[in-house]
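Participant: In the order they appear, the protein sequences are chains A and B. This note's numbering applies: residue 299 is where the first sequence begins, and numbers increase by one. This note's numbering applies: residue 9 is where the second sequence begins, and numbers increase by one.
These are computed hints drawn from the structure, not numbers from a lab.
Listed next, the stretches of chain A that the computed footprint assigns to chain B, with coverage defined by at least 3 CB atoms under 8 Å from CB atoms of chain B:
no.	stretch
1	570-582
2	619-628
What follows is a list of derived Cβ distance ranges for each label pair:
no.	chain 1	residue 1	chain 2	residue 2	range
3	A	D393	B	L78	34 to 40 Å
4	B	Q42	A	T587	21 to 27 Å
5	B	D79	A	A529	56 to 62 Å
6	B	E83	A	D409	27 to 33 Å
7	A	A657	B	L77	25 to 31 Å
8	B	G84	A	A643	46 to 52 Å
9	A	D393	B	A88	30 to 36 Å
10	A	A653	B	A88	28 to 34 Å
11	A	E469	B	A88	48 to 54 Å
12	A	P339	B	T58	52 to 58 Å
Please read these numbers as outputs of a predicted model, since none were measured by experiment. Ideal Cβ placement from N, Cα and C applies to all residues, glycine included.
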Amino acid sequence: MAAAWEAGWADPRRLHAEGRRARRLLDEARAVLADGLGVGPESLSFTPGGPSALRTGLEGLVYAARRTGSRLVASAVEHSAILLLGRHAASVADDPDRFEEVPVDGVGRVDLAAWAQALGAPGTAVAALQSANGEVGTRQPLAEAYERCRERGIPLLVDASAGLGRDDTPEAYDVLVGDARSFAGPAGVGLLVVPPRTRWRRPGPHTEVEGGRMDIEPLIPLALGAAEAWARTAAARAEDARAARALVETIRVAAAAIPDTEVVGDPVDRLPHVVTCSFLLADGEALVTELDRRGIAVASGSACTSSTLEPSHVLAAMGALTHGNIRVTVPMESVCPSRTEDVAALVAALPGAVAAVRAQVASR
Amino acid sequence: MIATGARGIDDDADVVTVDARGLRCPLPVLRLAQALAQRPEGSTVRLLATDPAARTDVAAFVRMRGLLLLDTRDEGEHTAYLVRGVSATGPAAAPGGPPAASPGMPPAAPPAPRATPGGA
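Just chain B, with the same shape it has in the complex (with noise of 0.2 Å):
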């Protein structure tokens, strides 16, 4: 279910994919939000979700946690989110936003060493 490599973000190979069908508020975000936190920063993790609370859910989290959401597309009986673990305010995507912990960090996280962590 998790495929592991030492590539860029944009690689399918490198996404996680987050199976939450079938599981109603707020799983479906706690499942991603577990993905996310077991992943590295700058990871992505494309969930999938039957609940019709998701797409509201999901986007309000991304939001909140600063993350960005790369895609939402309907797949039949499901939605698949493409979320990126990775800030969307950050001093790269927002020079006005809030200052940076750490001034001396790149621009943008590049893709980190595997963690390879368990099946969700």
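Next comes chain A alone, as it looks inside the complex (with noise of 0.2 Å):
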């Protein structure tokens, strides 16, 4: 990263010698990219994180159907990102009908039935659906979902932040988002591939920006250093998943062997790095500090640890439980070289640490 700030420190759009390096070196970037993503450059342009993205490329495909209608359908599990935006445009309309959050299943995958319908009802301009959960790992039916949308001619947003780089890249999709952190690159680096066949256009006044997509430019260096994980990650790849999953599936059977717990998410249709455990009774927040005291650093989904008192929507969407929770994101290797000892301590901590968390509980 120190390197690519050095390099990439200049105005592209200048004509001096370091602007012109700076430029060439962003085309470098986007060229990794757009290539590890199977798309053309000119699909591919840089936003300042994977939600603005999200945010970005959802105004786009709405304001290019707008003569189609204005509805909107989303999953019930997605990136608040979405769900917010659409909230907002039906609060502000002061229409319901203008988003539809499709409920799951208590696995976490979207009701493909309730999917096709909530397509079907008039109006309906764009829909939104992630390539798999970020928090429960689930994979969602992406090829059924977006087979269901071309019937209909409704553009596919997919989500893919939480997986990109660590499973499958998606096929199946007209405007795909994705994350430089999912791959072990910088934060504040999203992804936005729109294929020239997809119908999308800015709201607002024109720019130059990103393929007419932005009005911010990129941070080379972070562009850089985003295409630098790509590229470096990209050879292991398949083999650094093979092994996350196995992890994973360690983590899997310890938390399950503790009473009262459930693993949620698909336990086998599911990205290879993620998993959450609710631990009936526990405190998430107290569970998460157990273990960080026991060295190994972990994110709980509860509501007791978040500012807002609401609970994860993903976990309430799934009827789970949304109180002591864990979720384990298992690093790639080549950004963790002791992950498998890692995990091993964790499930050698797990039961000690429920147990005294439940005691801690218990007692209040």
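Work from the hints to combine the two standalone chains into their complex.
Facilitator: Rendered as structure tokens:
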């Protein structure tokens, strides 16, 4: 990253030598990532992050489809950037039909019959579906969901930000969104793919930035860092995913052996590197702290750990326990060479940590 | 707070009310679990909670423990959950469920004599 800052500081629109060099570096970064995603470089825009790419991607589809209608359809477990946009549009229009959140089953997979029905409602203009859920790992039935969209001529935005570079790159989409963080790239780099065949138009004045899709120039060092991360991890990707899948399986087995525990999400058709476990009558925040005390870093999806009182919308939509959760994201081996030992330490520490936290909770 | 009497579970006088209003997760579910543990099998507990997470968590708790969620009702500021502490997947409720530990047991547990626990 330091080298990237050194090389890419100049303004790529200028004609002086430093500017030309910066332009060339940005072009190279774009070429590496576009090639990795199987698209032309003109289809790929850099945004200031994954959520920003989701919002921009969706707004362009909605604007281009404004003569068809204004209704948006998304699964109930989408990224909050999608859900908040849809709810806001419905609220501003004072029309709840402007946005429909399609329910998911107990593992978090969208109900395809309900999906097809939602698409069939009059005025449906755009649909959005993740390739897999970043909280529980469950993959969505993208091919089928996309087919239902195609039958009705409704464009589909696919959010691959949870697993891009860790799982197979989606092929069935009209707009694709990713986040460089999923493949160990820097934070602050969103990837927005709009192929030439897609009807997409940015609302607002014309811009020359990022293929006319943005009004913010990308930070070249960050784009370089993302391309570097992709290139560095590409060769080992399949093997890394296989090993990560096995590590997650050991966590799933160890957690399931603890009484009153649910390991949520699809056990097989899932991202290789993500798992969430719910421990009944445990406190998620206390569990994160207890594991941290034992040198293990995990996240929690429990309402008690967030600033709002609302539980995780993903777990709630699945009907899963929303307290006592931990979410484990297994990093790539290239950025965390000790991950196998780390997972072994987690598996060893988990029963004791859960018992300790349950004892704390029971004494309240 | 705890009413007792040798009557059926549908009788209001037999339902324990647990007040978890103002408590945050996982305490409402903990209070519910504690109340159920103190009562004989087949007892019904009415949980009052204001935590929005309780709506999902009570349902998940009931599913994980094989209990019955008889009713969920908004009562103004709080929500009331009526939970019956008996297996929903027992031999009587679901013939295809897991085999019963004691096959000679009657299909539904009759109301047992009260244990009269102290106030929760």
